[in-house]
Amino acid sequence: MTLAPTMVQMTYTHLCAWRVIGGIGMPPDSNTVALAAGEGWSYSLISDVDTACAVTDRGAALGFLVLQGIFAPAKVGSLEERLAESIQDIQETRRKKTGSYPVLFFQASGPVDVTLNNATKQRDEFVLTFDAFDKAAIRQKFVQQHRAMQLALALASKMRVRFDEATAGTYCTNTDGQTVYSLTFSGGTADLIVASPLDPDAAKTVAQRFDSLSTGTDLDSAVRLYADMAIYGREPFRAFLSGWTALEILINKTFKEHEEHFFRSLDMPHQPEMSIKFLAGVRKTMEGKHGLVDRFTLVSSVLLPTQVAEAAEADLATFKRIKKLRDEIAHGSTIDEDGLPIDELSQLLLKYLAARTERVTSAVATPASST
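In the working numbering, each residue carries its 1-based index in the sequence shown increased by 606.
Hints may be right or wrong, so weigh each one.
Using 27 Å as the maximum straight-line C-alpha spacing, the simulated DSS-like pairs for lysine-lysine come out as follows [what the hints assert, rightly or not]:
| hint | residue 1 | residue 2 |
| --- | --- | --- |
| 1 | K862 | K930 |
| 2 | K810 | K929 |
| 3 | K741 | K810 |
| 4 | K764 | K741 |
| 5 | K957 | K764 |
| 6 | K859 | K929 |
| 7 | K929 | K764 |
| 8 | K862 | K929 |
| 9 | K703 | K764 |
| 10 | K702 | K810 |
| 11 | K747 | K810 |
| 12 | K764 | K859 |
| 13 | K810 | K764 |
| 14 | K741 | K957 |
| 15 | K747 | K862 |
| 16 | K727 | K702 |
| 17 | K703 | K859 |
| 18 | K703 | K727 |
| 19 | K727 | K741 |
| 20 | K727 | K810 |
| 21 | K741 | K703 |
| 22 | K764 | K930 |
Keep in mind the hints are simulated off the structure, nothing from the lab.
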């Protein structure tokens, strides 16, 4: 007898973990650093990913065994023995990938409708079913949030930081406390990695930056492009173009915000009306004519007003050098992908993103007093 599918509401748990490559290290004598949390979700920096992902590892192992015929007569050993062996293989493979790198760990939970059908298999500790809920939709809802956290964490370092997904999984819990797994089936340059332990005080700053970057800003595109640049294994050419485009967006947005403030600072107090007319004429004449280098110069002075002249000049020289290379690419010049200055670009982008984020955060924390 075929029974109709039954829909019930359960609680999902979604996990995702990335090894953090370069720039960030675990603080001494610390296995977990809390970074940010909200209703039903949290981010942390961890060193023991096996313990954090034990439940989803079992789900992944079940999926592998299903392909081998999990419910057919046992081939070698009991189901429990084969399951334990598969989990061990999953964890050993992941350990080879994560090594001694810190892991950015995300966990979220919430309600979800689950459809149980005739293919559902009951065990003492878990329930196994197929295509019971939309795991892709759950994963997708957090994508932009992940990008914001990766950037917020990267801003805690002056070095290039990249993220490589180590594991991800989603499962549900029913009213009896059982774990419900839904299976869905669908069809050479060496890097020198430099990292420093995350300063214990930096976790608070990471949380503040994440809050600023994840709430939807005019820099959403720059955040997305940085996340693309920071994917470990990304082709150098694509990483360079993503990073450059993110920097260009940052410069143009910041220039537009502060151009008015800059011209206001030039007002002549003894003839304010005439000063306004003159500066309005200058702005109209120059509208759209400020080159990207000019814009960067203004943005540098606005975002980093206390930076020493030598550092500002060094930033400008780096920017000009990277822009020249980008222009050569745009005009069809042949380039050596392995020689692209991605580390320099990443450091410059992170420096100015950090400065702008700090400026926005400070403005929110200390609003202008009323008169």
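Quickly compare the C-alpha distance for K764 and K741 to 27 Å and report which way the hint goes.
The hint is violated at about 36 Å.
Straight-line alpha-carbon gap K747 to K810, limit 27 Å:
OK: K747 and K810 at ~25 Å, within 27 Å.
Take the C-alpha atoms of K862 and K930, compute the straight-line distance between them, and say whether it is at most 27 Å.
23 Å, holds
Given the hint that K747 pairs with K862, test it: the Cα-Cα distance must not exceed 27 Å.
31 Å, violated
Measure nothing beyond the straight line between the CA atoms of K727 and K810; if it is 27 Å or shorter, mark the hint as holding.
45 Å, violated
For the pair supplied as a hint, K727 and K741, confirm whether the alpha-carbon distance does not exceed 27 Å.
19 Å, holds
If you draw a straight line from the CA of K957 to the CA of K764, is it 27 Å or shorter?
7 Å, holds
Given the proposed pairing of K702 with K810, does the C-alpha separation stay at or below 27 Å?
31 Å, violated
If you draw a straight line from the CA of K741 to the CA of K957, is it 27 Å or shorter?
It is violated: about 36 Å lies between the C-alpha atoms, which goes past 27 Å.
Take a quick look at whether K862 and K929 sit within 27 Å of each other, Cα to Cα.
20 Å, holds
Hint check: K703 vs K727, CA-CA at most 27 Å. Holds or violated?
33 Å, violated
Hint check: K929 vs K764, CA-CA at most 27 Å. Holds or violated?
Since the Cα atoms of K929 and K764 sit roughly 21 Å apart, the hinted pair holds (cutoff 27 Å).
Violated hints, listed in ascending order, are 2, 3, 4, 10, 14, 15, 16, 17, 18 and 20; each of the other numbered hints is respected by the structure.
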